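The whole structure should be built from the sequences, with the hints applied where relevant.
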Amino acid sequence: MDFEKLAERLIPGEYPSLESFEKQYPPRDLPAKAEVTRLAPSPTGFIHLGNLFVAIANERIAHQSGGTLYLRIEDTDLKRKVDGAVEAVIAALDYFDIRFDEGAEIDGANAYGPYYQRRRAEIYRAYAKDLIRRGRAYPCFCTEEELSALRDEQTANKEITGYYGKYAKCRNLTEEEIYAALDAGKPYVIRLRSMGDASHKFTFHDEIKGDVTVTENDQDVVILKSDGIPTYHFAHAVDDHLMRTTLVIRGEEWLASLPIHLELFDVLGFRRPKYGHNCSLMKMDGESKRKLSKRKDPELSLSFYRQEGYHPFAVKVYMLTLLNSDFEEWHRKFPEKPLEEFPFRISKMSRSGALFDLDKLNDISKTELSALSAEEMLSFLREWAFSYGTQKEQAYFTDEAYLLKVLSLCMGIGGKKRRKDFITAKQAMGEIGYFFGDYVQKDGYRVDIATRDAVLRKFLETYDPSDDAQMWFAKVKQIAAELGFAAEMRDYKANPAAYKGSVSDVAEVLRVAVTGRANSPDLWTIMQIFGEARTRTRIAHAMAE
RNA sequence: GGCCCCGUGGUCAAGAGGUUAAGACAUCACCCUUUCACGGUGGUAUCAUGGGUUCGAUUCCCGUCGGGGUCACCA
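Numbering (this note's numbering), first residue to last: -14 to 530.
Heads up, none of these hints are tricks.
Derived DSS-like pairs (lysine-lysine); straight-line CA-CA distance at most 25 angstroms:
id, residue 1, residue 2
1, 18, 194
2, 194, 333
3, 318, 402
4, 154, 210
5, 351, 390
6, 427, 390
7, 322, 405
8, 351, 405
9, 411, 301
10, 401, 322
11, 402, 390
12, 318, 351
13, 485, 443
14, 427, 411
15, 427, 405
16, 171, -10
17, 194, 259
18, 401, 462
19, 259, 18
Label pairs and their in silico Cβ distance ranges:
id, residue 1, residue 2, range
20, 69, 310, 33 to 43 angstroms
21, 180, 84, 34 to 44 angstroms
22, 328, 372, 28 to 38 angstroms
23, 344, 4, 53 to 63 angstroms
24, 389, 347, 17 to 27 angstroms
25, 1, 29, 30 to 40 angstroms
26, 352, 172, 52 to 62 angstroms
To be clear, the hints were calculated from the coordinates, so they are not data collected in a lab. On a predicted model such as this, the values are computed, not experimentally measured, just so you know. Don't be surprised by glycine CBs; every beta carbon is placed ideally from N, CA and C.
Written out as structure tokens, the structure is:
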């Protein structure tokens, strides 16, 4: 068969020589151990936690080694395209401090582009044409129906499904048959002529999983679809070679197609990159675990965390604790150190899939937020509120000096111990609502109404906003004693039967009256922040209720 | 179903041929405390299973079971 002629017929025209591509995209001038990694999303615009997980690993490895992280858009499937998706992806990752050095929509760093696969059609076609010339690729005219009939037959016969060996009908078409089909205008795809033998197994070293057993590929996979656009496999090989990727960290779901990729790299004469197949993040689904899926888990999309007001830093810390198990200890030991200083190792990544644990994220969020200054907390809340908050919440920011006081109190700043009341911006805004006129009677009173009113009346009688905390509390104790409650906790515990209750019951009346809830930070400080007028009004209201 | 990956408490996990099998989250109890939160102390709870190898296996080997992934002109 005249492959030269076939190649010209299938992919007509002049293409740059493969050598010229090598020259145009030379190996990068980077330090010896530098790794070039990439993120290659399809432009659905949807990113979830699992993507962030892989993204962080890629980012850390690249930047820690003095290498490069670039963004490539895998838009070979039109059905997946969503407008504005690329910007959305960049923005979503930027929120978590993942920045690209190069790639799609990254100004001034496009030497290895274009980074949209649709714009690389010529390059793929040049390589495909070369494969045809060499007899390593051929046209296939099988229809979808024929293919699925083949699959059914193979399934029925308990054979491996796919287009391979004797089942690869078009593999051995004669020259006449091919041209006849072409002349008839039949649509076709270009398939790889695989030289592999599925009975051959070999071990392959995966950077994360260690040595894995791999079966040689014998599938004549499609490399160019009928519209002339490459499949993922082919584009992966061509792009990652030409863009000089040194390390491919990707989801475990790709492990199964690794043999295809290896054969492609080999047949194209490319040096194979290193691979690291990362276990997927799992989620509990009823009784069983399952991989995070964009279909079923919209609540795990990155935008969900942003909307809920999780601090990006906290999310990143959580991801890192899952990624490298000694990170947590390191971070605890050096809370001030930037995350970048942590010695991230791909070899420390877990071989098994981790279950996403919201409790753990919440715990991390609490401690990370508690480490913020009041000013930092304020600007974090502000940013959230003006994107996702209610109008009422946005109004909290009209008096930022006041807000700052509230936050300092709620975070325990200046006290001996930091409080850890805040988990997310959304939750925090709800938590501080009572400082802004949102009096909701969240909790009831433990004592009867008569006692309640007696406490409140007595409090109002002696209340002096210039009292310091000690004086203030002494008065509360006084009220307790007058009404038959133990002024000292110790006394009450020693002999509970002797009292109607303790000073804590009395304090609770005041707390509920003023804040609407049984639990709050220091009450005296709250009254200080409120000021006399507001405190008195609030208590008067409580008595009337 | 074939093939591949994985299997230490509820979760994330360290670990090593001989350990009281770390730590964190969750949970429970107590302490601190005017409430809550924080903090402190302590507790419950783990080597999937069967068989080898070995003086000794959770660790090494094989089978079983369980979980996951994958079998497209989707990535």
